[in-house]
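2 protein chains.
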Amino acid sequence: MGKRILVLVGDGMADRFEPDRGETPLQAADVPNMDELARRGSTGLMDPIRPGVRPGSDTAHLALLGYDPFKVYPGRGPLEALGAGVEVRPGDVAFRCNFATVRREDGDLIVEDRRAGRISEKEGTPELARAVNEEVDLPVEFEFREAVGHRAVLVLRGDGLSADVTDADPKRPGRPVKEVKPTSDDPAAERTAEIVNEFIRRAHEVLENHPINEERRKRGLPPANAILPRGAGRLRRVEGFEERHGMSGAVVAGASLIKGIGRMLDMTVPEDEGITGRKDTDLRRKAELALRCLEEHEFVLVNFNAVDEMGHDGDFRGKVEMLERMDRELVGRILDEVDPSEVVVCLTADHSTPVTVGDHTADPVPVAIWTDDARRDDVERFDEVSVARGCLGRFPGLRLMDVLKDLADRLEKFGA
Amino acid sequence: MGKRILVLVGDGMADRFEPDRGETPLQAADVPNMDELARRGSTGLMDPIRPGVRPGSDTAHLALLGYDPFKVYPGRGPLEALGAGVEVRPGDVAFRCNFATVRREDGDLIVEDRRAGRISEKEGTPELARAVNEEVDLPVEFEFREAVGHRAVLVLRGDGLSADVTDADPKRPGRPVKEVKPTSDDPAAERTAEIVNEFIRRAHEVLENHPINEERRKRGLPPANAILPRGAGRLRRVEGFEERHGMSGAVVAGASLIKGIGRMLDMTVPEDEGITGRKDTDLRRKAELALRCLEEHEFVLVNFNAVDEMGHDGDFRGKVEMLERMDRELVGRILDEVDPSEVVVCLTADHSTPVTVGDHTADPVPVAIWTDDARRDDVERFDEVSVARGCLGRFPGLRLMDVLKDLADRLEKFGA
Numbered sequence: 000m001g002k003r004i005l006v007l008v009g010d011g012m013a014d015r016f017e018p019d020r021g022e023t024p025l026q027a028a029d030v031p032n033m034d035e036l037a038r039r040g041s042t043g044l045m046d047p048i049r050p051g052v053r054p055g056s057d058t059a060h061l062a063l064l065g066y067d068p069f070k071v072y073p074g075r076g077p078l079e080a081l082g083a084g085v086e087v088r089p090g091d092v093a094f095r096c097n098f099a100t101v102r103r104e105d106g107d108l109i110v111e112d113r114r115a116g117r118i119s120e121k122e123g124t125p126e127l128a129r130a131v132n133e134e135v136d137l138p139v140e141f142e143f144r145e146a147v148g149h150r151a152v153l154v155l156r157g158d159g160l161s162a163d164v165t166d167a168d169p170k171r172p173g174r175p176v177k178e179v180k181p182t183s184d185d186p187a188a189e190r191t192a193e194i195v196n197e198f199i200r201r202a203h204e205v206l207e208n209h210p211i212n213e214e215r216r217k218r219g220l221p222p223a224n225a226i227l228p229r230g231a232g233r234l235r236r237v238e239g240f241e242e243r244h245g246m247s248g249a250v251v252a253g254a255s256l257i258k259g260i261g262r263m264l265d266m267t268v269p270e271d272e273g274i275t276g277r278k279d280t281d282l283r284r285k286a287e288l289a290l291r292c293l294e295e296h297e298f299v300l301v302n303f304n305a306v307d308e309m310g311h312d313g314d315f316r317g318k319v320e321m322l323e324r325m326d327r328e329l330v331g332r333i334l335d336e337v338d339p340s341e342v343v344v345c346l347t348a349d350h351s352t353p354v355t356v357g358d359h360t361a362d363p364v365p366v367a368i369w370t371d372d373a374r375r376d377d378v379e380r381f382d383e384v385s386v387a388r389g390c391l392g393r394f395p396g397l398r399l400m401d402v403l404k405d406l407a408d409r410l411e412k413f414g415a
Numbered sequence: 000m001g002k003r004i005l006v007l008v009g010d011g012m013a014d015r016f017e018p019d020r021g022e023t024p025l026q027a028a029d030v031p032n033m034d035e036l037a038r039r040g041s042t043g044l045m046d047p048i049r050p051g052v053r054p055g056s057d058t059a060h061l062a063l064l065g066y067d068p069f070k071v072y073p074g075r076g077p078l079e080a081l082g083a084g085v086e087v088r089p090g091d092v093a094f095r096c097n098f099a100t101v102r103r104e105d106g107d108l109i110v111e112d113r114r115a116g117r118i119s120e121k122e123g124t125p126e127l128a129r130a131v132n133e134e135v136d137l138p139v140e141f142e143f144r145e146a147v148g149h150r151a152v153l154v155l156r157g158d159g160l161s162a163d164v165t166d167a168d169p170k171r172p173g174r175p176v177k178e179v180k181p182t183s184d185d186p187a188a189e190r191t192a193e194i195v196n197e198f199i200r201r202a203h204e205v206l207e208n209h210p211i212n213e214e215r216r217k218r219g220l221p222p223a224n225a226i227l228p229r230g231a232g233r234l235r236r237v238e239g240f241e242e243r244h245g246m247s248g249a250v251v252a253g254a255s256l257i258k259g260i261g262r263m264l265d266m267t268v269p270e271d272e273g274i275t276g277r278k279d280t281d282l283r284r285k286a287e288l289a290l291r292c293l294e295e296h297e298f299v300l301v302n303f304n305a306v307d308e309m310g311h312d313g314d315f316r317g318k319v320e321m322l323e324r325m326d327r328e329l330v331g332r333i334l335d336e337v338d339p340s341e342v343v344v345c346l347t348a349d350h351s352t353p354v355t356v357g358d359h360t361a362d363p364v365p366v367a368i369w370t371d372d373a374r375r376d377d378v379e380r381f382d383e384v385s386v387a388r389g390c391l392g393r394f395p396g397l398r399l400m401d402v403l404k405d406l407a408d409r410l411e412k413f414g415a
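Keeping their order, the protein sequence lines are chains P and C.
According to numbering that gives the first Met the number 0, the first sequence is numbered sequentially starting from 0.
According to numbering that gives the first Met the number 0, the second sequence is numbered sequentially starting from 0.
Any given hint could be a false lead.
One copy or any two copies: either way a pair holds, since identical chains are not told apart in the list.
The calculated DSSO-like cross-link candidates involving lysine-lysine, where the alpha carbons are at most 27 Å apart (straight line), are [to be verified]: (1) Lys70 with Lys180; (2) Lys412 with Lys70; (3) Lys177 with Lys278; (4) Lys170 with Lys180; (5) Lys278 with Lys412; (6) Lys412 with Lys180; (7) Lys412 with Lys170; (8) Lys121 with Lys278; (9) Lys121 with Lys70; (10) Lys121 with Lys170; (11) Lys177 with Lys412; (12) Lys278 with Lys170; (13) Lys217 with Lys121.
Hints in this document: simulated from the structure, not taken from any laboratory.
This is chain P alone, in the form it adopts within the complex:
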């Protein structure tokens, strides 16, 4: 039996040189536990996808889990649907949706608020979703479900469907809901576009006079009287994580996109109310959950999303704080608990989200890998520059799983 594997992902943790501060957030942060991991283990640089590709969190996590995103990435719709707990099967076409507020004008639906006043689950989106599911009739099977806040997901099921269709969301208020159009010559794309347009019309009819919306109007709130699908994607049939790697696996994450990745690969994805994927997440609880998962699974990936959020906000100080929180509440706890003769621990990022850019970039990310017999280099700091002198050099993210399985003694020999 090989060792178990624990991967800690600081989402968007890596960064660039911030000219005014003269360093990166990781260099500025006080992260003694991450540094300790670097000291005890092997360090290096990793290209989540490849040099000069700006990864999404979804495509990067696929690579880190050993799946080539160029081959298996299904688009965002199916991942958000899976993340929201909706079943998505290979062949299904799924969309992310917003509850929105529209008014009728000359037969058009004009978007007044893309988020229906940021309506939430507590304000009745589950009831609205149930009404749409029960009262709308389409020529294919479908499931519509509320997600976090004003968000929702739509899954179409059946033969003759395609994900080659445009978005309905006009992205800006004051514009009409866009007619969904096919983007390929495939007759299935034409048919899918028609079905989605029909869904939008029927859903509006169901929602327009729904009691929840009548109530909202009375209270001066924008009604959630329309649904705007976007990000069509189709789930392909892929080998599950356990089948591919010979290990049972779990993903501990709050962000629905990352939970969706885990579910797409048939991994265990625990639900926990305290784990939100945002700044308010209970990270200590996440650490405990990860340790519990590690008792029942041979592989666990933990994602901490709030670091990425700070990068998107361009908030250097906030990013430093989130890094320090991750260091204390997650990495420190793991260092205390894990026995390196039984577990391989890897600390890394899925991509860089530099505060100077406010979005993901292709810069390589730092990696530290610790187990009792992993080579020790003389790197003493976990940051983007220090690890470049480490004993792992620079390698592709798609190879990470095999590198970890090798250290866990879970690889077959090629040759004699």
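Once you've looked at the hints, dock chain C against the given chain P.
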């Protein structure tokens, strides 16, 4: 809008350890501006094509510009023709040629001087080329044009042509002009070989008694009475630089091969008499031209060829001098002028030309990349060994463009 990108290429700048000197030319040279670039930016090693492939300047530049040379390299003929300013279209077959001196013997043409006494443009090669163009008749459209010195180019145009043919140049005096033969079973190769042999015969008839050659004989100079084509290549249809990268691009170079690469990719390639591609080039003028191009284009590549020449000559001292000249006249000027909040600057080589070898080798080349938020490592010298500890690690030349576009904020995200 993203930043602009400026790439400075010291042709063949990288080298090996010279056992008698105990260092490489870059280590021996006093290059404070290159060192400053290394200090301010990210450094690393790059494999122009891949480890263990000895690149030509042409194949390496294709890779550095984001084109896989294994897929698009057209051979040297079309690049030299484009470099000489001749139009070459996709499908055309082009040859590099020499004006040569031959004598008739038993029906053979015996080469007496492969370079016709190093005849030059000033000695009438344009008139000789014009006579050949006007008086030779072939079953396909063609263009023959003088290039630098004793060199010339031949472009064949039309259907049913192939580049699978041998050279006419016997490479050594005293030997007959070689009959051009097909190297594949393609009937087009057989036909092309016949056409080139016919061209050689007819061109000899036109040139043998041309007044310029009569005059040369009178003055005791070898007549330019034959043309020796070699290096057949066919231009493939490739996506232009702007189409591929979404940036308008310019190549500032003296060497016709590098100018040919720029023209093959539909980039701006300014002509300037002071820029020769040799040791006598006006490098300060080239720096000004590059800065001017950078006002009108989003991407500029500058090539300094004289460093490579010194490597081919095995001249350590000469190479050090050329490196110091490049440092003062080109890199220093760029450092003074460029605003790193608006431009990404990359200093590198297209390949190594070690003075110990006198030819190109596969050794990786140093890279320094500087822009305001590029990660800063602690490398303080720009040489083959120091940069190996830098924060870029080692990466393939084919990825350089995307790495630079990422830093220039010109890449789309893959995923969410």
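Verification of the hints:
1. For the homomeric pair Lys70 and Lys180, the shortest alpha-carbon distance inside one copy (25 Å) is at most 27 Å, but the shortest distance between copies (36 Å) is not.
2. For a Cα distance limit of 27 Å, the shortest separation of Lys412 from Lys70 qualifies both inside one copy, at 26 Å, and across copies, at 16 Å.
3. Taking the closest pair of Cα atoms, Lys177 and Lys278 never come within 27 Å of each other, the shortest separation being 34 Å inside a single copy and 62 Å across copies.
4. For the homomeric pair Lys170 and Lys180, the shortest alpha-carbon distance inside one copy (16 Å) is at most 27 Å, but the shortest distance between copies (63 Å) is not.
5. In this homomeric assembly, Lys278 and Lys412 come within 27 Å of each other (Cα to Cα) only across copies, at 24 Å, whereas the closest approach inside a single copy is 44 Å.
6. With identical chains, the CA atoms of Lys412 and Lys180 are at most 27 Å apart between copies only, with a shortest distance of 23 Å across copies and 50 Å within one.
7. Taking identical chains as interchangeable, the C-alpha atoms of Lys412 and Lys170 lie at most 27 Å apart only when they sit on different chains, with a minimum of 19 Å there against 52 Å within one chain.
8. Taking the shortest alpha-carbon separations for Lys121 and Lys278, only the intra-copy value of 20 Å comes in at or below 27 Å, while the best inter-copy value is 75 Å.
9. Taking the closest pair of Cα atoms, Lys121 and Lys70 never come within 27 Å of each other, the shortest separation being 39 Å inside a single copy and 58 Å across copies.
10. For a Cα distance limit of 27 Å, the shortest separation of Lys121 from Lys170 inside one copy, 25 Å, qualifies, whereas the shortest one across copies, 65 Å, does not.
11. Taking CA atoms no more than 27 Å apart as the test, Lys177 paired with Lys412 passes between copies only; the shortest distance there is 24 Å, against 55 Å inside one copy.
12. For the homomeric pair Lys278 and Lys170, the shortest alpha-carbon distance inside one copy (26 Å) is at most 27 Å, but the shortest distance between copies (58 Å) is not.
13. Taking the shortest alpha-carbon separations for Lys217 and Lys121, only the intra-copy value of 18 Å comes in at or below 27 Å, while the best inter-copy value is 92 Å.
Of the hints listed earlier, those the structure fails to meet are numbers 3 and 9, in rising order.
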